[in-house]
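Visitor: Model the full structure from these sequences, guided by the hints.
Chain by chain, the residues run as shown.
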Amino acid sequence: MIRINNLVATYTTVRGTVTAVDQVNIEIPEGITLGIAGESGCGKTTLLKVLYGDVGFPLAIRGGAVEYGMVGDQNEEITTQNIQKYWFRRIAYIPQGSMSSLNPVVRIRSQFLDYLRTGGEQKRKLEEAREYVKSLGLPPEVLDAYPHQLSGGMRQRVMVAMASFLNPDIILADEPTTALDVVVQKGILLLLMDLQEKMKSTILFVSHDMGVHYQIAHKMFIMYAAKGLEYGNSEEVFSHPLHPYTRLLIDSLPAIGDTNLRRGVSGHPPSLWDTLVGCRFADRCPYATNECRTHEPILREVRPGHFAACHFSERFL
Amino acid sequence: MKINLRLKIGVTLLAIFLLGSLILPFFTDVNPTAQGTYFKSLPMSWKHPLGTNSLGQDIFWVIVFAVRNSLLLGVSVSLIVNLISITLGLTAGYSGGWVDRLIMTLCDSFITIPTLPILIILASLIKGSASFLTIGLILVAFGWAWGARTTRSMALSLREREFIHMARFSGMGHFEVIFKEIFPYVYTYGIVGFINTILYAINTEASLAVIGLSNLSVPTLGSALYWALNYNALFTKQYTWILSPVIATVLLFLGLFLTSTGYNDLFAARRGRS
Numbered sequence: 001m002i003r004i005n006n007l008v009a010t011y012t013t014v015r016g017t018v019t020a021v022d023q024v025n026i027e028i029p030e031g032i033t034l035g036i037a038g039e040s041g042c043g044k045t046t047l048l049k050v051l052y053g054d055v056g057f058p059l060a061i062r063g064g065a066v067e068y069g070m071v072g073d074q075n076e077e078i079t080t081q082n083i084q085k086y087w088f089r090r091i092a093y094i095p096q097g098s099m100s101s102l103n104p105v106v107r108i109r110s111q112f113l114d115y116l117r118t119g120g121e122q123k124r125k126l127e128e129a130r131e132y133v134k135s136l137g138l139p140p141e142v143l144d145a146y147p148h149q150l151s152g153g154m155r156q157r158v159m160v161a162m163a164s165f166l167n168p169d170i171i172l173a174d175e176p177t178t179a180l181d182v183v184v185q186k187g188i189l190l191l192l193m194d195l196q197e198k199m200k201s202t203i204l205f206v207s208h209d210m211g212v213h214y215q216i217a218h219k220m221f222i223m224y225a226a227k228g229l230e231y232g233n234s235e236e237v238f239s240h241p242l243h244p245y246t247r248l249l250i251d252s253l254p255a256i257g258d259t260n261l262r263r264g265v266s267g268h269p270p271s272l273w274d275t276l277v278g279c280r281f282a283d284r285c286p287y288a289t290n291e292c293r294t295h296e297p298i299l300r301e302v303r304p305g306h307f308a309a310c311h312f313s314e315r316f317l
Numbered sequence: 318m319k320i321n322l323r324l325k326i327g328v329t330l331l332a333i334f335l336l337g338s339l340i341l342p343f344f345t346d347v348n349p350t351a352q353g354t355y356f357k358s359l360p361m362s363w364k365h366p367l368g369t370n371s372l373g374q375d376i377f378w379v380i381v382f383a384v385r386n387s388l389l390l391g392v393s394v395s396l397i398v399n400l401i402s403i404t405l406g407l408t409a410g411y412s413g414g415w416v417d418r419l420i421m422t423l424c425d426s427f428i429t430i431p432t433l434p435i436l437i438i439l440a441s442l443i444k445g446s447a448s449f450l451t452i453g454l455i456l457v458a459f460g461w462a463w464g465a466r467t468t469r470s471m472a473l474s475l476r477e478r479e480f481i482h483m484a485r486f487s488g489m490g491h492f493e494v495i496f497k498e499i500f501p502y503v504y505t506y507g508i509v510g511f512i513n514t515i516l517y518a519i520n521t522e523a524s525l526a527v528i529g530l531s532n533l534s535v536p537t538l539g540s541a542l543y544w545a546l547n548y549n550a551l552f553t554k555q556y557t558w559i560l561s562p563v564i565a566t567v568l569l570f571l572g573l574f575l576t577s578t579g580y581n582d583l584f585a586a587r588r589g590r591s
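If you read the protein sequences in the order shown, they are chains A and B.
Everything in the first sequence is counted per the working numbering, starting at 1 for the first residue and increasing by one.
Everything in the second sequence is counted per the working numbering, starting at 318 for the first residue and increasing by one.
No lab work stands behind these hints: they were computed from the structure.
C-beta: ideal position from N, C-alpha, C; glycine also.
Please note that the accuracy of each hint is not assured.
[Unchecked claim] Non-contacting residues of chain A with respect to chain B, defined by C-beta distances greater than 12 Å in every case (computed):
(1) GLY69
(2) SER101
(3) SER110
(4) LEU191
(5) GLY257
[Unchecked claim] Capping the alpha-carbon separation at 30 Å, the derived lysine-lysine pairs in DSBU-like fashion look like this:
(6) A/LYS125 x B/LYS497
(7) A/LYS123 x B/LYS497
(8) A/LYS198 x A/LYS123
(9) A/LYS198 x A/LYS85
(10) A/LYS85 x B/LYS497
Guide: Below, the structure is given as structure tokens:
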């Protein structure tokens, strides 16, 4: 169980500090795929960065903490401060751009071994890596290639292979399918789902594509303007969303055979530089009242296991 | 892959100089610096291919040893210079912050100081007692800055690439990222820089020697020229004495220059093709 307790993360800039993750408070059960959705700049990537323990200037944790529920090699509690030691062993990261995430002048096999810090037993590890890559549906020869000799999908598979090779407890995936065409995208998603079933890792999957989330996520977490708006099991979130923003997001998804024009969510998210009062979605919300503009709703359990941050969630039950 | 003409000529010239100056000394017990070994000012003959000079030295052997010493100086200075400049440049560029500022302030000071006047002052201060090693150290001190600056600029742009973040996210240490991820990018540039630094070192030592500020008891291309000038070889019509170091220097430079640009071309072609 990963517990994110009232996490506040800020960026220091010349203009002052900006809060990119504001009092996020959720519990993630072990061994599931959590989909994190939201539009650009809502704090998805920052949340992942904090979880990964890559906190350094200008990013800082101003409040709250992450409990990973894991113990390290010396039986110590793993925290954001010491998780760097366990990078790729207990917690791994699949980056966004498969095109640029591999060093173009170094062969895949040395990158594989370097990333996995295998030390002396290179030869045996290389054999294992070959086997592993093969089991993920890649020809073992890719290890001998340079990144530019592989297609985008293969490169992303190599990244997935690197991230999952040491069987980590947590895998963070930051829009891993963004730059790929839908067929390859589907392949990567199936691969991730497969791996998760086998290894029982917790996968945190960031994407702004609700369609992708629908295929892969067990639980959904919707973010908006640094806040968590809705959290619950995917089926419930997709079939009975409790927050107007989620409803609008899902309404914008096309369905096969549906010829109606899709509507987007009009307007823009608020600037995080401003002092924000009340519900952050109020300006774009069709149901907003005066209460929404003055009182900020908190993320509360509206139904068992289904959280939403809206004063009027009961309306949608 | 087609090897271009420049590289061929350059490497051939270099090979002749390298092999000649490194192997030939084993076939002689001549001490090239000893004076009066032979009769003075002999013309060219089978025994003395380039004749002897006014000091009673065999000019051919002086040149052989001069080329060897100049090359040794050039290569060792260049090795150290490149080691320093690549390490400092990559560290500064990748680390950023105060490390970067500190190294670059130092680097910029060395770049803005006009080298030759300083070298003249330094060399005249330690004139006479200047060992070959001291000359080398002085050359290193004034040679590293430019390379460090260019390497740093490369590291600066590489630092923001996704694969560097990935390497860091995999738990690689600071210097591991620098040498395993960034260095492979920089090393082709480093080879060209290495050859150019050899040129710089030989060139600067020769300039110092010609005006009599290097260690003149060791035969180098510069000191050979110095002694020829000192004994007015031009006026006494001992052309082989004065021309042989000049021609050797020019050919050596040509060899290094052609190798450096030829290698650059070759690498560019390989990059373009694949």
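Visitor: Each hint should be assessed against the structure and marked as holding or not.
Guide: Results for each hint:
1. No beta-carbon of chain B is positioned within 12 Å of the beta-carbon of A/GLY69; the least distance is around 21 Å.
2. Some Cβ of chain B comes within 12 Å of the Cβ of A/SER101; the nearest lies about 5 Å off, and the non-interface call is violated.
3. Interface exclusion of A/SER110 from chain B breaks down, the closest Cβ pair being 8 Å apart, not more than 12 Å.
4. Look at A/LEU191: its CB is around 19 Å from the nearest CB on chain B, clear of 12 Å, so calling it non-interface holds up.
5. No beta-carbon of chain B is positioned within 12 Å of the beta-carbon of A/GLY257; the least distance is around 39 Å.
6. Only pairs whose Cα atoms come within 30 Å are accepted, and A/LYS125 paired with B/LYS497 is accepted, the gap being roughly 19 Å.
7. Distance hint between A/LYS123 and B/LYS497 is fulfilled; the C-alpha atoms sit about 19 Å from each other, no more than 30 Å.
8. Simply put, A/LYS198 and A/LYS123 have alpha-carbon atoms about 26 Å apart, close enough for the 30 Å limit, and the pair holds.
9. Pair hint A/LYS198 plus A/LYS85 holds up; C-alpha atoms about 25 Å apart against a cutoff of 30 Å.
10. At most 30 Å may separate the alpha-carbon atoms for a hinted pair to count; A/LYS85 and B/LYS497 meet this at roughly 19 Å.
Hint violations for this structure: numbers 2, 3, all remaining hints satisfied.
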